[in-house]
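Novice: Chain by chain, the residues run as shown.
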Amino acid sequence: MTRMNVRETPMISTRMPLKGMPSPSLRAGLAAAALLLAAIPAAQAASPSGLWPCIQPRVASLAAAQMWDGPAIDGLDWRDDTAVAELVPVLAARRTPIEEADAKVEAFARQAGANKDARLTLLFAGVFDQINSLRSRILTGIERYSKHQIDLSDRIRQESLELARLKKAATSEADKAKAADAEKQLLWDTRIYDTRTQAVTAVCESPVILEQRAFALARAIRAQME
Amino acid sequence: MTRRILLSAGLASMAGLMVLGESLPARAQSAQTSPRAFISNERDHTLSVVDMDSLKVIETIKTGRRPRGVTASPDGKLIYVAASDDSRVEVYDSKTFKLVKTLRSGPDPELFVLAPSGNPLYIANEDDNMVTVVNVENNELIAEIPVGVEPEGMGVSPDGRYMVNTSETTNMAHVVDTKTNEVIENILVDSRPRIAEFRKDGKQLWVSAEVGGTVSVIDPANWQIVKKISFDIPGVNKDAIQPVGVRITKDGKKAFVALGPANRVAVIDTGTLEVEKYLLVGQRVWQLAFTPDEKLLISTNGNSNDISIIDVESEKVTKSVAVGRAPWGVVVVQ
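Quick note, the sequences are listed as chains A and B, same order. Take 1 as the starting number for the first sequence in this note's numbering and just add one per residue. Take 1001 as the starting number for the second sequence in this note's numbering and just add one per residue.
Be aware that one or more of the hints could be misleading.
Once the Cα atoms are required to be at most 30 Å apart in a straight line, the calculated BS3-like pairs of lysine-lysine come out as [said to hold, decoys possible]:
| id | chain 1 | residue 1 | chain 2 | residue 2 |
| --- | --- | --- | --- | --- |
| 1 | A | K116 | B | K1228 |
| 2 | B | K1319 | A | K116 |
| 3 | B | K1319 | A | K104 |
| 4 | A | K116 | B | K1277 |
Listed below are several chain B residues computed to face chain A (Cβ distance under 7 Å; list not exhaustive) [said to hold, decoys possible]:
| id | residue |
| --- | --- |
| 5 | I1058 |
| 6 | P1107 |
| 7 | V1236 |
| 8 | Q1283 |
For the record, the hints were derived by calculation from the structure and aren't laboratory data. Every value quoted in this text rests on a predicted model; they were computed, and no experiment measured them. Even glycine gets a Cβ: it sits at the ideal position worked out from N, Cα and C.
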């Protein structure tokens, strides 16, 4: 009962000074406008091709400044340092457990010599570069995946129309066998489509996992600097 | 009837205290004198308890589903957790880590604030555009206050006179007179306001806008915006700068603002309202909390699944501590 009574209390009362909220209908309008506005950045974040299937916004590339407050890495040629060039792919590879990567960074720092900070900066430049380009390839892969799903759904639509036509027209045993084959193909394609749709969530997580890895490595490298 | 409920609740809590005092070994009690941080892990449905002296996770408490907002009673004895997907508030003993009771919350509670006296609790209901006011002693519903769409941020003035709620979709801060539980002012701020925080002297109200990328500093004398603080981090895209958590030191001089996927906490001089520094913390930093002595500030980093420890005086990040998945809210008690 209390709940009912309180709910009936009007929010807009003439006794109260109300700024920017003149009437309930206008307020609803404002809310709708706000919703539309909120939708705009999401649309802008979508891929140019319109194929991005993930709820996560599509961020084309990572920004080093989001994970690194050390010296700038622009234009650094990390491949010139042999030890760095050898270590970078090991650190970037997802099969290297992060604890192991941390230990490798620490070992590198111990042997880095007088230019330790500069070499650690190079190491980050390499890791960032590698993970960022791997991530870009994954983004393209996700869009290809999405394109394939769209194509497959078109095919399923065609196949189901064709199946209906075949079933209707089937008079002979041969026709019926043809319809049965078409039905099998349709079921098979639908099954692939469903499995792939279920996998989208996991597929969409992979850029996130890479970003987490880049961040963790950046932190491990930065921690070794003076 | 009401009196009987109150009396029985009082007796029950007294009994609870007595049991607590007897059952805890002396050693455990002394070991628990160091401050403890309680962090809600949204994806694990747990609370991580971190000892703030050793900076180690000493306990992981299983909570209701999707714990988000977390706060403590003024005496630090009780921890309140908004279990959003179970639509209830859970109350834990901060020393034994046991569930003491649950409170009504209205649907989908996200954030809440306790009155400075410790009662009532003001709860934002994200799904039904209400703020629910609950008596924490007897679980009675005091009021439901209609606010804007998707209410989230909750602040209360130090004297308890005003409660402020922000609505994420209406883009407003709604000021409620706590005597009448009615909205007396609506302040339009930037897009998707997330947090409302008063300065301890009650002379400034800070409201962060996640999508707008700004923090509005409001004068509670006339509820006018004094300044909108914006943020600029070289090399970081503007879209990634999403202000959420706001904390201001007790002396009112310094404010800290968590900037979401920019992975930074901004340090702001509350006199000049200028940003002095950006501290790199963890990924997707949302909420902040001081230790009671204000020597340390904790940030919850939702994507790196850890908390960062910031030394308040030197304004440096000293450590990160791994907690559960998607850490969301944080509170620290002595």
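Novice: Holds or violated: is the Cβ of B:Q1283 closer than 7 Å to a Cβ in chain A?
Specialist: Since chain A brings a Cβ to about 5 Å from B:Q1283, closer than 7 Å, the hint holds.
Novice: Given the hinted pair A:K116 and B:K1277, is their Cα-Cα distance within 30 Å?
Specialist: Answer holds: A:K116 to B:K1277 is near 26 Å, not above 30 Å.
Novice: Does B:V1236 pass the interface check with chain A, least Cβ-Cβ distance below 7 Å?
Specialist: This hint holds: B:V1236 lies near chain A, its Cβ roughly 5 Å from the closest one there, short of 7 Å.
Novice: B:K1319 and A:K104 were given as a pair; does the straight-line alpha-carbon distance stay at or below 30 Å?
Specialist: holds (20 Å)
Novice: Can you confirm whether the C-alpha distance between B:K1319 and A:K116 stays at or below 30 Å?
Specialist: holds (22 Å)
Novice: Against chain A, with CB atoms and a cut of 7 Å, does the hint on B:I1058 hold up?
Specialist: Not OK, violated: B:I1058 not within 7 Å of chain A, min 22 Å.
Novice: Quick one, is the B:P1107 hint okay against chain A at 7 Å, beta carbons?
Specialist: violated (12 Å)
Novice: Run the distance test for A:K116 versus B:K1228: straight-line Cα separation, threshold 30 Å.
Specialist: violated (42 Å)
Hints 1, 5 and 6 from the list above are not met by this structure, while the remaining hints are.
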